[in-house]
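Protein chains: 2
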Amino acid sequence: MPVPTAETSRIGTVGNMSEQTAALPDSGTPDPAPELVAALRATLDGRWATSRDVVRERIQAHGITPQVGLSLADYRARVLGEMREMVAAGFPAAGFRTDHGGTGDTGGAVTAIETLGYGDLSLMVKAGVQWGLFGGAIENLGTARHHEKYIRGIIDLEVLGCFAMTETGHGSNVQELETTAVYVPETGEFEIHTPTGSARKDYIGGAGQHARYASVFAQLVTAGPGEEPVSRGVHCFVVPIRDESGADLPGVSTSDCGYKGGLPGVDNGRIVFDRVRVPRENLLNRYGDVAPDGTYSSPIESDNRRFFTMLGTLIRGRVTVGAAAGATGRLGLALAVKYALVRRQFDGPDDAGELLLLDYRTHQRRLLIPVARAYAFALAQNELVAELHAIQESEDADPAAVRELEGKAAAIKAGHTRLASDAISAAREACGGAGYLAENRLPLLRGDIDVFTTFEGDNLVLTQLVAKELLTAYADDVRGLSAIGWVRFVAGAARDVALEKTAARQVVQTLRDDSDADPEESELTSRGTQLRLLRNREAHLLRTAAARMRRAGDDDADPLEVFTSAQDHLIKVGEAHIERIVLEAFLDAIDKVGDPAAKELLFAVCDLFVYSAIENDMGWFLMHRQLSVERAKAVRRGVNELCADLRPYAETLVDAFGVPPVALDVPMLDPSNSVAAPPDRG
Amino acid sequence: MPVPTAETSRIGTVGNMSEQTAALPDSGTPDPAPELVAALRATLDGRWATSRDVVRERIQAHGITPQVGLSLADYRARVLGEMREMVAAGFPAAGFRTDHGGTGDTGGAVTAIETLGYGDLSLMVKAGVQWGLFGGAIENLGTARHHEKYIRGIIDLEVLGCFAMTETGHGSNVQELETTAVYVPETGEFEIHTPTGSARKDYIGGAGQHARYASVFAQLVTAGPGEEPVSRGVHCFVVPIRDESGADLPGVSTSDCGYKGGLPGVDNGRIVFDRVRVPRENLLNRYGDVAPDGTYSSPIESDNRRFFTMLGTLIRGRVTVGAAAGATGRLGLALAVKYALVRRQFDGPDDAGELLLLDYRTHQRRLLIPVARAYAFALAQNELVAELHAIQESEDADPAAVRELEGKAAAIKAGHTRLASDAISAAREACGGAGYLAENRLPLLRGDIDVFTTFEGDNLVLTQLVAKELLTAYADDVRGLSAIGWVRFVAGAARDVALEKTAARQVVQTLRDDSDADPEESELTSRGTQLRLLRNREAHLLRTAAARMRRAGDDDADPLEVFTSAQDHLIKVGEAHIERIVLEAFLDAIDKVGDPAAKELLFAVCDLFVYSAIENDMGWFLMHRQLSVERAKAVRRGVNELCADLRPYAETLVDAFGVPPVALDVPMLDPSNSVAAPPDRG
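Same order as they appear, the protein sequences are chains A and B.
Note that this note's numbering has the first sequence beginning at 593, numbered continuously upward.
Note that this note's numbering has the second sequence beginning at 593, numbered continuously upward.
This is chain A alone, in the form it adopts within the complex (with noise of 0.2 Å):
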C-alpha cells in the first residue's frame, strides 16, 4: 500500500462514494486489527507513553475507577488513600524539579495525570491539587527556603495543600482578589484575612477536610520606612489553616461545599481568614519580596506584569487540566461507541433484523464526529505538552514563547473541556436508558467533567483571553502605521501577519506555500485547502474584530457599547483560532506516523475532523463567502460519507485510546447479560 502523503487523503473526492469506498477498505471484521491499533496508539501516546502505560496499569491494578454510592466522608478517604499508594510508587517525583527532589519530568508529570482520566477524575483532581496546583506554587512562586522546607513533604504527603485563589465574588479575575495581606514590621509578620463575604476563598479542593496548609493568593500592602502602605497587587503566601487534628487553626474557618455535579472525592471548602498572621518567610518570594523593615522589592517594576508573570509560571495546570479532560472524554466515546456495536434497535428496511446502532447515520454523526475531534485535539494536547516540558525545561525561557504558550494553553484548556463535556452528553444520550444507569458509568462522567468547562479559567474568558493575545499581537505589527496604512493593512495587505507567528510546522509551512488557489477551484480533500479555509476564516475574523477595536478609540464611541458589541465576534476569533491550530497539531502529528494503513486511517479521520467543523460553522462560511454553495453541499455530504467510510474503524479508533480494560468493564457492555442478537443471526 503506498504512504499516503500531507496533500491529499487517500479517501476519495468527496461525492463519490464508490471512489471513497476504494480508498478506506472495508474492514470486513467486527474485530479491530491489533496492528493498526497499535499503531494509531503509538501516535496517540506519543512521546510519554511509558508515563500513560504505567498509569494505565495502576488503574486497571487498583480499579480506579469512578464509585457509586460511597458516602462523601468514604469516597475522599479512598481518594486519599490511593494517592499515599501513588506516593509509594514515586509517582509524583516526575512534577518537581531535581534539584528539589523530584525527577524534573514536566511532559512525563502532565501525561500521568492526564491518564487518571481514565480511571477517576476525582483522583485525578485531588491529585493535581497537591502537586500540581498547590505544589506547583511552592516551586514556581517560592525560593529555596520554601523548597527546603516544603517540597519533601509535599511529594510524600506529610504536607497536604490546597490552592486558595478564587473567591466567591471573584472568580476568573483574579487581579481583583479582595483578600489582603498587610505588613506588620513591628513582629514581622503579614496579616492575611477576608475583608468582606466576597473576599472568602471558594470552592477549593482540599480545603474542605484534608489540607493542612493553603497557598493563599492575597492583595500584598506594605510600607517601607516612611511610607504610607500601598498595595502591590496580587501575591501568595503559605497559609498554615489545621492543626495535626485536622481541626481549623486560630483565625482560620473553613467549611465544607458539601455535595457538588460531581468530584465526590474532592473535599472542596471555602476558607475564611480573621487577622490571621504568618511570618514574613511565608511570601512565596520569587517574584516579590518585603524586607524586614517593609521596603517592597521584585525583580519585575511593573505591577501588571509582574501579575501575569506570577500567573504564567501556573500554567502546567491548566495544561493538565485540558489533557485530562481529553482523556475523560475519550472514555466516554469508547463507552458509547462499543455499545453502539452491541445494541441493537430497530428492523432495517431489508428485514434483515434489528440494526446495530452505530449503523444508523445519526448515531454515527453523534458519536463519529467527536471521536475525530477527540484524535485532533489529543494529539495537539500532546504537542502542546511537549512545549510545555521544553520551557520548563530551559533555564531562561524566552518571553515571548512563554506568552505563546499561555495563549496555547488557553486555548487548548477551552476547546478539549468543551469537547469532552459535549462528547460525554452525546454518549450518554446515544446509550439510552443504559447511558442514564450509574453502574455504566457515563452520568458519573458527565456530573465530574462538567466543571472543566468552567474551572482552571471560564472557557468563555479564556476564548477571549485568546483573541485578545490574537489582537495584541496585530495591533503590534502595524503600529507606526498611519490611519490610511492601517485601512490598507485591514484591507488584506498583509492579511496573515499575526498567523505567521505560530506556525513553524515543516509540513504546514508546505501546504500553506501551496495553497494559495482559489478555495473554489482546488479540492476539498486536499490538506492546503482544508488548511486554508481555516486560516482564512480566523484570520478574516481577527482583521474584522481589529477594525472594531480600532473604533473603541475614537472620540464618540462609547467603550463600553464597542467591548459589548464586539464580544461575541472575539469568541469566534478565538473558536476559530482554536481549531485553526488543533488542525495544525493534527497534521503535523499525521506527517510523523509511519504506518500506511494508520496514516491513511488518521488522514480519514483529520478529513472528518475538518469536514465536520466547516458544516458546524457553515453559515459563517457562506456569509463571508469563503465557500460556494455547491461547495458547501458537498462539506455536508462529505460528513455523512466519511462517517460511513469511518464506521467499520470505529473500534479500531476507540481501542486505540487505550482505555483499561477495568474501565470499560460495565453492564451495558457486556452481551451475555443483556442483549440478544437478532433470531436471524443469533
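Treat the hints with care, since some could be wrong.
Identical copies go unnamed one by one, so any copy, or any two together, can satisfy a pair.
[Unchecked claim] 25 Å max Cα-Cα, derived DMTMM-like pairs, lysine to aspartate or glutamate:
| id | residue 1 | residue 2 |
| --- | --- | --- |
| 1 | 1225 | 1153 |
| 2 | 1164 | 951 |
| 3 | 1060 | 768 |
| 4 | 741 | 1061 |
| 5 | 1060 | 1209 |
| 6 | 1060 | 951 |
| 7 | 1225 | 1207 |
None of these hints come from the bench; they were simulated from the model.
Assemble chain B onto chain A, guided by the hints.
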C-alpha cells in the same frame, strides 16, 4: 401605549439600534414591574392556572425541592410519603374519569404534574408513573372489570404499580418486545415469560422497590379451538409482582437499577418473569380480548393499527414529560438569570466597577436565547395540553385528530426536553463554581433532566417519527398521481399541502395570506416574513425528503442505503417542523394577550426566538438561498440587539415563570452571604 398588532412587533427595524431602544423602553429599574410580571404570568399559566397555583403552594409549603445527601432508601421514602400527602389533598383525581372515581380534568392533571417540575422531578416522575402511566394503562387499555378493581386503589395508593414496557434490548422499538404472554386454555391463564436476557424489563420506575403490580407489555400468543398458537402482537397485562411484605412473588425476579444520573427518589428496577401465570381477566382487553377457549377478538382488525391505537391512548405520558421538563428548564434559567443579576466580574471599560454578568453580551446570549425559547415552547405546550384535554373529553375522537395530536406530542416532547436539558447545562456553566455546588441546585436539575431527552421516546426517534408522519401525509395527498404528476407536484405546484393540515389558527392564517412577498423584500421583523421563513424551510426539506424516499422504491436502489442516507435529512425535517409549529402557537398565544406592555414584550421575545432559530441554522438558509448574505448578517446583528433590548427585562421575564420562592432559595442568590457590591457602588 398603542396595542401592537400581530403583523410586526413594535421593536424597530433591526439594524437601527436607536429605533429599537425607543420601541422597548428601558425599564430603568432593576425591580420588575409587578403588573407586567402578572400579565406575562397569566399568559404563561394559561387555562389551568389554578392547577399550577395549587401545586406551587404545595411546593412552597412542603419544601418540595431536590434533596442533597439522602440515601436512595430515604429519598424514595420521602417521595412516596409526599405522594401519600398528595392523595389526602385530592391531587390525583383529576387524572381519572368521573365514572372511575376521578374528576376527569386531563388538562388540570397534566398541568399539575408539569408544575412539579418547579419542585422535584423525582416526585414528578414517580407521580407520573403511578397515576399517569400505570393508572393510564389500566384506564385506557382496560375495561370495566379493571376500572372497578384497580382505579380507586391506584388513586389512593392502595395499589402501587409500575409501567413495564421497556426491555433491556428494546426501548424505542416497542413493537418488537420479546416478553411473551401465552394463553393456556386449560387453566384460563396467561403465562408471562421473559425468554432472553434482552427481554428483561428494564429501567422501570417503581419496579426497584415500591410497586406491587406491573402493567406488562408482552406479545400475546393464543389459539382458538383447533388452531395453531399465533402471536397477536403487543398487549398489556396486569401482573402482581410483589406481596404485601415487598417480596417478589413466585416466578418474578425484580432487581434494583441503583444509582442513576439523577432522579434518586425514583426506584427504577428490572423484572424477569419465569412463566408467571395470571388469570385471563388480567389482560387489559379494550382493544383485544381472548375468550376462555383461546379465541382472539379485537375491534381493530389490523395488528399494526391496533398496536398504534393502543399506544396512542398512552399519549398523556409523553405530553406530561415534555411539560415537566419545560418547567424545570424555566427553573434553571431563573436561577442563572438571577445569579447574573447579583454577581459581578471584571471591570467594565469605563472604570465604573465590575459589571454584572448579565451585562456581558456572551452571557446575554447564553441565557436570554433559551429564555426566549422557553416562552415559545411553554405556550406551544399549553396549546398541546388543551388539545389533549379536548380529545380525552370527547366521546368519539376523530382518528385523524388523534393522529395529529400524537405527532404534535412527539414534536413538542422532543423539542421541549432538548431545550430544557441544554438550558440547564448553559445555566450551570453561566454560574461557574457556584453553579457546580449541589446547594445551588443546578447540578441536581442537570442530573434529573438529562434522561428526559431519551425516555418516553428517544428524541431522535421521535423527531424521525414526526418527519415520517409528515411524509405520509404528503404521500397520501399525491397518491394516484402519475410519475410525471409527482415530479410536477414535487417541483412546487402544491408545496404546502402537508403543512396546511395543522394550521387552523386565525392569526396565523391571516399572516400567511399576507406573506407571499419575496422574503428579501419584506421586513425581517414582519411576522409574515418570519413565519414564511420557517414554513418554507420545512416545506423545502419535506419536499426534498419525499423525493429521496421515492427513490427507495426504484428497482436498483438499495433500500438500506436510501434509508440510511436520508436519516439526517429526516431529522432536519422534524426539527424544522417543531420550530414552525412552536412559532405558530407562540403567535397565536400572543394574539390573545390583552395587556399592551406584556404584548410588546412578548413580541420582542418572539423576535429573539425566531432570529436565534434562523441564526442557529444559518448555513441551511444560505445554502438553500432562503436568505441573502445581507439578510443573514442582519439576523446575526438582530440577535445581539434583541438580547440588549431584553436585558432590562430579564428579571421580569423569569419572574413571570412563577417559580415558587423556595425553589429559588439557594445560597448563591443570597447577596448578604456571598457577593459584595463593588466598593464604588456599594
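The hints, checked one at a time:
Proximity of residue 1225 and residue 1153 under a CA criterion of 25 Å is satisfied inter-copy only: 19 Å between copies versus 37 Å inside one chain copy. Only between protomers do residue 1164 and residue 951 lie at most 25 Å apart by alpha-carbon distance; the minimum there is 19 Å, versus 34 Å within a single protomer. When the C-alpha separation of residue 1060 and residue 768 is checked against a cutoff of 25 Å, the pair qualifies only within one copy, where the shortest distance is 19 Å, while the shortest distance between copies is 56 Å. In this homomeric assembly, residue 741 and residue 1061 never come within 25 Å of each other (Cα to Cα): the closest approach is 37 Å inside a single copy and 73 Å across copies.
Taking identical chains as interchangeable, the C-alpha atoms of residue 1060 and residue 1209 lie at most 25 Å apart only when both belong to the same chain, with a minimum of 21 Å there against 28 Å between chains. In the homo-oligomer, the alpha carbons of residue 1060 and residue 951 lie at most 25 Å apart only across protomers (19 Å), although the nearest pairing inside one protomer, at 44 Å, exceeds that limit. Taking identical chains as interchangeable, the C-alpha atoms of residue 1225 and residue 1207 lie at most 25 Å apart whether they share a chain (9 Å) or sit on different chains (18 Å).
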